[in-house]
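Residue numbers (our numbering), protein chains in the order written: chain A, 433 to 842; chain B, 21 to 302; chain C, 288 to 587.
The hints are simulated quantities; they were obtained by calculation from the structure and are not laboratory data.
Don't take every hint at face value.
Unchecked claim - Straight-line distance between alpha carbons at most 30 Å, and here's what the computed DSSO-like set of lysine-lysine pairs gives: (1) B:Lys88 to A:Lys699; (2) A:Lys492 to B:Lys38; (3) C:Lys429 to C:Lys343; (4) B:Lys38 to C:Lys343; (5) C:Lys355 to A:Lys502; (6) C:Lys342 to A:Lys741; (7) C:Lys429 to A:Lys669; (8) A:Lys602 to C:Lys355; (9) C:Lys489 to A:Lys822; (10) B:Lys289 to C:Lys398; (11) A:Lys602 to A:Lys687; (12) A:Lys822 to C:Lys343; (13) A:Lys502 to B:Lys88; (14) A:Lys645 to C:Lys364; (15) C:Lys492 to A:Lys822; (16) C:Lys355 to B:Lys38; (17) A:Lys645 to C:Lys429; (18) B:Lys88 to A:Lys764; (19) B:Lys38 to C:Lys364; (20) C:Lys343 to A:Lys502; (21) B:Lys88 to A:Lys492.
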Amino acid sequence: MRINKKVIGLALATSFVAGSALAEQRELVINMDRTSELDQKASQDLIDAFEAANPDIKVKWNNFDREGYKSAIRNFLIADAPDIAVWFPGNRMAPFVDAGLFDPVDDVWDENNFRELLASSIPATTRDGQLWGVPYRIAGWMLFRNDELYEQAGVEPTDNWEEFLANCEKLAEMDIDCVTTGTRDLWPGAGLFDLINMRVNGYEFHMDLANGKVPWTDDRVRATFAEWAKLVPYITKDHAAFGWDEAAARLSSGKSANFLIGTFAIKTFRSGGMTDETLGMQAFPIINPDIPRSEEAPINTYHMPSGAKNKEDARKFLAFVGSADQQTAYNKTTIGMPVNKLATPPDDKYLTEAFELLASAHAVSQFFDRDAPAEMAKPAMEGFQEFMAKPERVDAILERLEAVRQRVYR
Amino acid sequence: MFPTPIERTQPRTRFAYKVFLPIALILWLLPLLGVALTSVKPAADLDSGNYFGAPSRIAIENYWLVFKNSNIGYYFWNSIKVTVPSVLVSIGLSLLAGFALATYSFRSNLIIFFMIVAGNYVPYQILAIPVRDLPININLYDTTLGLALTHIAFQTGFCTLFMRNFIKALPNALIESARVEGVSEWRIFCYIVVPLVRPAIAALSVLIFTFVWNEYFWATIMSQSVDVRPVTAGINELSGEWKARWELISAASILTAAPPVLMFFLMQKHFIAGLALGATKG
Amino acid sequence: MKPVPAAPRRRRKRLDLTPWLFLAPAIMFFLVYVVVPIGQSISISFLEWDGLGEKKWIGLQNYQDLLKDEAFYVSLKNNLIWLVLYLLAIPAGLFLALFLNQTVTGMRLYKSLFFFPFVISNVVVGLIFSWFYTPDFGLMPKIIGFFTGEEIAVLANESLATYGIVAAGLWPQIAYCMILYLTGLNSINPELVEAARLDDAKGFKMLWYVILPQLRPATFIALVVTVIGALRSFDLVAIMTVGGPWGSSRVLSYFMFEQSLSEYGTSMGYGAAIAVVLFAIMLVFITMFIVRMIIQERTA
C-alpha cells in the first residue's frame with residue numbers, strides 16, 4: 433500500500449499550523465488502479481487539491497495494477513473496504529450493488545445539482561431506482577483513420593456504409609487492411625459489434641439484447657451479423673494475435689486504414705508518430721438511415737463501499753470529483769473527456785469533435801461488457817472474435833450464445 | 021560409459037561431434053538468444069523492421085527504461101520478500117517433519133508420508149477458492165505474509181519428501197547410539213541430524229528459491245497491489261501494457277529470469293543433486 | 288516378578304509422542320492448505336455462488352451444465368493433447384542426455400546451458416515463445432512462411448494454438464528429463480556396460496537391454512513429473528493465449544480459473560465443479576504413482 437509521504441508531511445504541517453487540538457486529522461482511504469504515468473499524476477493532483485480544500489482530511493491512496501484491480505475489488509470490498517473505490521457503472525457494478533457492497537449516493541447528486549450537470553450518466557449509474565456512484569470521465573468510441581492511406585488509395589472518408597465498404601475494397605487492392613482490431617484481450621472486438629448492432633437495430637434493441645430480453649438467434653441479430661460479415665474480409669486477418677495497442681501501431685505505421693477504438697487511444701496514435709494532419713476521426717458509418725445514430729462511450733465512476741469507515745468525508749470527495757473544475761483538471765492531464773456539463777474538455781481537436789458527436793447522439797451505450805452481465809459478456813466476446821475469423825460459423829456461434837443466455841438470465 | 025566415449029571413436033566422428041555440439045546448443049537456445057538480442061536493440065531498429073539482424077547499437081538503456089517506466093523495481097523487491105521467508109520456513113518445517121518420518125517408526129508413518137507426497141501432486145485449482153478465501157477471512161489478503169504462507173504450505177510438502185528420504189539414507193547408528201545414551205530427541209535433532217543434512221539444506225534452498233520465484237498461479241490470485249505482486253505476476257501485467265514494445269518486454273523477461281539463473285550457476289552442484297534426490301517439482 | 292524399570296517406560300512414552308511434536312507444524316499447514324480445501328471445494332461444486340452473495344444449493348446442476356458446455360470438451364481434448372505430446376519430453380530428454388554424456392572439455396558448461404530453460408520461470412518461457420510466434424516480429428511465422436509460402440500466426444490459429452503452447456512447454460520439460468537422465472547415466476554400472484560390449488552389444492540394442500533397465504528410477508521420476516506437469520499446465524496458457532483464440536486453447540486448469548477467479552468469471556460453483564473433474568482425473572495418476580512408490584518402499 434503506497435502512501436504518499438509528501439501528502440502526509442503536508443497534512444502534518446497543516447495540523448501544526450492550525451495548532452488546535454480540535455483540528456483532528458481524519459483519514460480517507462481511496463483504492464484506485466492508476467497504471468500510466470499521466471493517470472497517476474492526474475490522480476495525485478486531484479488528491480492534493482482535495483486535501484488543500486479540506487485541511488482536516490488526510491487521504492490514503494492505495495494503488496493497484498489495472499488488471500489486478502478487477503479481481504482485487506471483489507476481495508477488498510468484503511475484507512477491507514476503503515472509503516472510496518474506482519469502478520465502472522452498468523452491469524459491472526451490479527453484483528456489488530446487489531450484494532450490498534456499495535452504498536447509494538443519491539444525496540450527493542441532489543446536494544450538488546449533479547442530476548442536471550451529470551445527467552448523461554444517470555442511466556448507467558442507476559440501479560433499482562437509486563444512484564450508486566459519481567462519474568469522472570468518459571471515453572467515446574470513434575473510428576480513427578490513417579488519412580495518408582486514404583489519399584494513397586484515392587478514396588474519400590465517408591459516413592455511408594456502402595461507400596465505406598467500397599473504400600475498403602480499394603484499400604484491399606493496395607494490400608492494406610481497411611479495418612484493424614486486436615482481439616487478443618477480447619474486448620476491442622465488442623466495440624465493432626456494439627456499433628454495428630446499434631446502426632442496424634438501434635440503441636433500444638441493443639440494450640434489450642444485452643439484458644437478455646432478446647434471443648441471440650433472433651432475425652434482427654442475424655441481420656447485424658450479416659452486415660458485419662461484409663466487413664470481415666477487410667479486417668486484419670490475425671486480429672486474435674494482437675492487443676489493442678498493437679492494432680493502434682498498425683494504424684500509425686500504415687498497415688491498416690481504420691480502427692474503431694476509444695478516445696483513450698489518441699495519445700497512443702500520437703506517440704506512434706501520427707499528427708493532426710494524418711490522423712482522422714469520424715463516427716462509425718451509418719448503415720440504416722432510419723435508425724437514429726447512437727454512440728458508445730463507457731463511463732468511469734467513483735463509488736462508496738458500504739463498508740466505508742469514513743462515509744461523511746467520502747461524500748465530500750464524491751462531490752469534489754463530480755465538480756466541473758476537478759473534471760476539467762483531471763481530463764486535461766489525462767486527455768480524457770469530462771462528464772460534467774460545465775467542465776471544459778481539453779483543447780484537443782479529436783476530443784472536441786468526439787464530445788459533439790456524443791452530445792448529438794440519440795443515446796449512448798456503455799460497452800458490451802458493462803451493458804451485459806459478465807457471464808454473458810465473456811462468451812459473447814469470444815463469439816465476436818471467432819466470427820471475425822470464421823464468419824461462416826455464424827449459426828453455431830449464435831446458437832451457442834443463445835444457450836448461454838438461457839443459463840445466465842435464468 | 022554409455023554411449024561410447026567420444027575419445028574412443030574415430031577422429032572424424034570426434035570432429036563432427038565437436039562441431040555439432042555448439043550448433044545444437046545455439047538451436048536449442050534460439051528463442052532465448054532472440055529475446056536477449058531484442059532486449060538490447062534500440063526501439064528504432066524494431067520500428068524500422070530490423071527484427072532479426074544485428075542491433076544497430078547496443079541499447080543497454082532498455083534495461084534502465086524498464087525500471088524507470090514500470091513498477092518492476094517494486095515487483096523485484098516483493099518477490100524477494102516472499103521468496104526468502106518461504107525458503108527458510110518451509111525448509112525449517114520440513115527438517116522437523118522429515119526427521120520424524122525418517123527416524124521414528126509409528127503406525128501411521130507411511131500413511132502420513134504418502135499423503136504428503138500425494139498432496140504435492142494435487143492440482144492447485146481444487147484448492148484455489150478456499151485457499152484464496154483463507155487470508156481474506158483473517159485480513160491477510162494481498163499481503164506478503166499471506167502469499168508467503170501459501171508458498172510455505174505447498175513447498176513444505178515437497179521439502180518434507182526430500183528431507184525424509186535424505187535423513188533415511190543417513191547412517192542410523194549415530195542417532196541410535198545417542199538415543200541409547202539418553203540424549204534428548206531435540207538435542208539429537210539439533211546436534212546430530214541438522215549438521216548432517218547440510219547438503220540437503222543447500223540443495224533445497226536453491227530449488228525452493230527457484231520454484232517460489234518462478235511461481236505464477238498463486239502469485240496472480242493471492243496478490244494484487246503494487247506493493248505485494250511478485251515479479252512473475254507483474255511482468256505479465258507489463259507485457260499487456262507494452263504489447264508492441266518487444267525490446268522492453270524482452271529486457272524485463274531477462275531481468276525476471278536472472279535471479280534463479282544466477283542462483284543455478286552459483287549452486288549448480290546442489291541444484292542438480294537436489295533434483296535427482298527429490299524427484300518432483302511442484 | 289521384578290518390577291518393570293521406570294525409566295525405559297517413560298522413554299517409550301516420550302518416543303511415542305515426539306514424532307507428532309516434530310510433525311505438528313507441517314501437518315497443520317497440510318491440513319489447512321490441502322486437506323480441508325479439497326473438501327471445501329467439493330462442497331462448493333454443489334452450490335450456485337458468485338463469491339459475494341448467498342450460497343444456493345443446486346445439487347448436481349453444475350456438473351450437468353458442464354456436460355452440456357462445449358468449452359468443457361474443448362478443455363478435455365486439449366488436456367489430452369498436452370498429456371500425449373508432453374510425454375515426448377521423456378525420449379527427447381533421454382536423447383539429449385545421451386548426446387551430452389561425454390567428457391569433452393567444457394562439457395559441464397554445455398550441460399548447464401542445455402538445462403537453462405528449466406530454471407527460467409514459465410512466465411518468461413511463455414513470453415519468449417509468444418515473441419517467437421508473433422506475426423511481423425517473430426521468427427516462427429518467417430520459418431513457416433519460408434516453407435509454405437504463407438506466414439501463420441500460430442497463437443491466433445484455433446487448430447495450432449494448443450500445439451504452439453505445448454511446444455513451449457516441452458522446452459523446459461525436455462531439459463528437466465535430460466538432467467534426470469544425466470544423473471541416472473552417472474550411476475550406471477560401468478562393468479555391466481563393458482561386459483555387454485565384450486558380448487558385442489552396440490547402439491540401440493545396448494541402450495534397450497543394458498542401459499534403460501538401469502535407468503528405470505530416472506524414467507519413473509520423469510514419467511511422474513511429466514504427467515503431473517501436463518495436467519497441471521496453466522501458466523503457459525494464461526500467458527500465451529489466455530485460452531484463446533475464442534477459447535480453443537483452454538485446458539481444465541485454465542477453464543476453472545476463467546470461470547471462478549478472473550475478470551469475467553465469478554461462478555465459484557461452476558469453477559469448483561471443473562476443479563473436481565480435474566482432480567478426479569489426476570487422482571487416477573497420483574494413485575498409480577503412489578502405489579508404485581509404496582511397493583518400492585516396502586521392498587527397499
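Against the structure, the hints come out as follows:
1. Using a Cα cut-off of 30 Å, the hinted pair lysine 88 of chain B and lysine 699 of chain A holds, with the two alpha carbons roughly 20 Å apart.
2. A hinted pair counts as satisfied when its Cα atoms are at most 30 Å apart, and lysine 492 of chain A with lysine 38 of chain B does not qualify at roughly 63 Å.
3. Only pairs whose Cα atoms come within 30 Å are accepted, and lysine 429 of chain C paired with lysine 343 of chain C is rejected, the gap being roughly 53 Å.
4. With a C-alpha separation of about 67 Å, the suggested pair lysine 38 of chain B and lysine 343 of chain C falls outside the 30 Å cut-off, and the hint is violated.
5. Restraint check for lysine 355 of chain C and lysine 502 of chain A: satisfied, since their Cα atoms lie roughly 29 Å apart, inside the 30 Å limit.
6. Between lysine 342 of chain C and lysine 741 of chain A the CA atoms are separated by roughly 27 Å; this keeps the pair inside 30 Å, and the hint holds.
7. For the suggested pair lysine 429 of chain C and lysine 669 of chain A, the alpha carbons sit about 16 Å apart, so the restraint of at most 30 Å is met.
8. Between the alpha carbons of lysine 602 of chain A and lysine 355 of chain C the distance comes to roughly 45 Å, so the proposed pair goes past 30 Å and is violated.
9. Proximity of lysine 489 of chain C to lysine 822 of chain A is assessed by CA-CA distance (about 54 Å); at most 30 Å being required, the pair is judged violated.
10. With a C-alpha separation of about 12 Å, the suggested pair lysine 289 of chain B and lysine 398 of chain C falls inside the 30 Å cut-off, and the hint holds.
11. Between lysine 602 of chain A and lysine 687 of chain A, the direct Cα distance comes to roughly 14 Å. Compliance with the 30 Å bound is thereby established for this hinted pair.
12. Restraint check for lysine 822 of chain A and lysine 343 of chain C: not satisfied, since their Cα atoms lie roughly 39 Å apart, outside the 30 Å limit.
13. For the given pair, lysine 502 of chain A sits about 25 Å from lysine 88 of chain B by alpha-carbon distance, which is consistent with the 30 Å threshold.
14. For the suggested pair lysine 645 of chain A and lysine 364 of chain C, the alpha carbons sit about 34 Å apart, so the restraint of at most 30 Å is broken.
15. Of the pairs offered as hints, the one joining lysine 492 of chain C and lysine 822 of chain A is violated, with about 51 Å between alpha carbons and a cut-off of 30 Å exceeded.
16. Between the alpha carbons of lysine 355 of chain C and lysine 38 of chain B the distance comes to roughly 57 Å, so the proposed pair goes past 30 Å and is violated.
17. Pair hint lysine 645 of chain A plus lysine 429 of chain C does not hold up; C-alpha atoms about 47 Å apart against a cutoff of 30 Å.
18. For the proposed pair lysine 88 of chain B and lysine 764 of chain A, the alpha carbon gap of about 24 Å is at most 30 Å, so the pair holds.
19. Restraint check for lysine 38 of chain B and lysine 364 of chain C: the C-alpha separation of about 43 Å exceeds 30 Å, so the hint is violated.
20. Restraint check for lysine 343 of chain C and lysine 502 of chain A: the C-alpha separation of about 25 Å stays at or below 30 Å, so the hint holds.
21. Simply put, lysine 88 of chain B and lysine 492 of chain A have alpha-carbon atoms about 24 Å apart, close enough for the 30 Å limit, and the pair holds.
This entry does not satisfy hints 2, 3, 4, 8, 9, 12, 14, 15, 16, 17 and 19, going by the numbered hints stated previously.
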